[in-house]
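*Asks:* Residues per chain are reported as follows:
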Amino acid sequence: MSEKEVKNLEEIFEARISRDEKIEPKDWMPEKYRKTHIRQISQHAHSEVVGMLPEGNWITRAPSLRRKAALLAKVQDEAGHGLYLYSACETLGISREELYEQLHSGKAKYSSIFNYPTITWADMGAIGWLVDGAAIINQVPLCNTSFGPYARAMVRVCKEESFHQRQGYEIMLTLCRGTEEQKAMAQDALNRWWWPSLMMLGPTDAESVHTEQSMKWKLKRKSNDELRQQFIDQTVPQADILGITMPDPDLKFNEETGHYDFGEIDWDEFWQVVKGHGPCNKERMSARVNAWNNGEWVRDAAMAHAEKNANKKVAKAS
Amino acid sequence: MSEKKKNWPLWEIFVRSKNGLEHRHFGSLHAADAEMAMENARDVYTRRNEGVSIWVVESKNITASNPDHNGEMFEPAQDKVYRHPTFYHLPDEVKHM
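Protein chains in written order, with my numbering: chain F, 1 to 318; chain G, 319 to 415.
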């Protein structure tokens, strides 16, 4: 294809997106669109899968059967969400094995929040309330993104995720209405998860390199800073109901803007964790790699069994 | 990893949400065979009573039209307005038609 032809196709493509038409896998698309989507969708899928690990830590130690059933269901949902997203990503012409390989080799990223440890039961509450809360704010606008398979996966994810945040908040509420020690535990979890949750919404607009292109392709409908403000504005009153406080002395409602002003985010910490130096990066990756490697014989055996059965059927028929 | 090794194939999953409705495409997943595809489809796509019946089809068995040929495939239908009831002019007095 000549350069002029490509340019022409690109113009038609951009026009389709601005008319709110969806792009489906077999449609022509610019290489950059394909690559950006593979990067973002796979990063999203990896986050779902790695995100199961911090919570998996508490399944066997949940304080009641009710909590245990809910946590199991939540983690199972996350496995499902990972699968929806991997499937959407594979429609762009990359295989599941390649995607795993990118995760395991460290080439692909996942949400840096999952590199923090879950040291008390209250962390299950804080994760559901704050981490899932921030994730929902990120994900709801994606239900309208331009790439059809991604948008459809997000609709399903958002529908299923609404219980995740509620169950987390309920855990916090129960602790905050409990003994002094329980309330202190909830406050401690909030202290540790608040700032990482704000970082989860991504670097500030000034630092965000992909924003402009992503806005055009509707991979993003609001900027990171707008999403962060929205998250803070809706979360602070929820903390008030719990009777615990955000670990930010500068947090204050601004009558003039109608929003909360907040303190400086420690972006050095964010970049350190993204680059692999968070408290649990190594542990998370080794858990994933081990699961994949130790499961190899199971995958092979299942395939061998399926082939044997298929051959038997052929033999019977002939 | 050896190149020869076979990975689990891809399956397309169709779910009937309730009797009276058609099966609709819900998504896809990898599985070693149809039986495993069915079990996984149940766990992935019907955890919240989303369905009463599941079809699994190996993706390679689906023949899809090519969007590059959408012109000759679908445009001929566009100028055949006489296939629609509004093409025919009748006086208002004619009822029930």
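Just to be clear, a hint being listed does not mean it is correct.
[What the hints assert, rightly or not] To spell it out: a stretch of chain F is covered by chain G in this simulated footprint if at least three of its residues, at any positions, have a beta carbon under 8 Å from a beta carbon of chain G; those stretches are:
id	segment
1	19-29
2	81-91
3	94-104
4	291-304
[Stated by the list, open to error] If you want the ones that stay clear, here's a sample from chain F, every Cβ over 12 Å from chain G, calculated:
id	residue
5	Asp-77
6	Ile-119
7	Pro-149
8	Lys-159
9	Glu-160
10	Lys-183
11	Gln-187
12	Val-209
13	Thr-211
14	Val-236
15	Thr-245
16	Leu-251
17	Glu-307
18	Asn-309
Note that these hints are calculated values from the structure, not bench results. Beta carbons: idealized from backbone N, C-alpha and C, even for Gly.
*Asks:* Hint by hint, say whether it matches the structure.
*Replies:* Results for each hint:
no., hint, verdict
1, 19-29, "holds (count 4)"
2, 81-91, "holds (count 4)"
3, 94-104, "holds (count 3)"
4, 291-304, "holds (count 4)"
5, Asp-77, "8 Å, violated"
6, Ile-119, "30 Å, holds"
7, Pro-149, "9 Å, violated"
8, Lys-159, "9 Å, violated"
9, Glu-160, "7 Å, violated"
10, Lys-183, "34 Å, holds"
11, Gln-187, "34 Å, holds"
12, Val-209, "31 Å, holds"
13, Thr-211, "29 Å, holds"
14, Val-236, "32 Å, holds"
15, Thr-245, "36 Å, holds"
16, Leu-251, "37 Å, holds"
17, Glu-307, "8 Å, violated"
18, Asn-309, "7 Å, violated"
Violated hints, in rising order: 5, 7, 8, 9, 17 and 18; the structure is consistent with all others.
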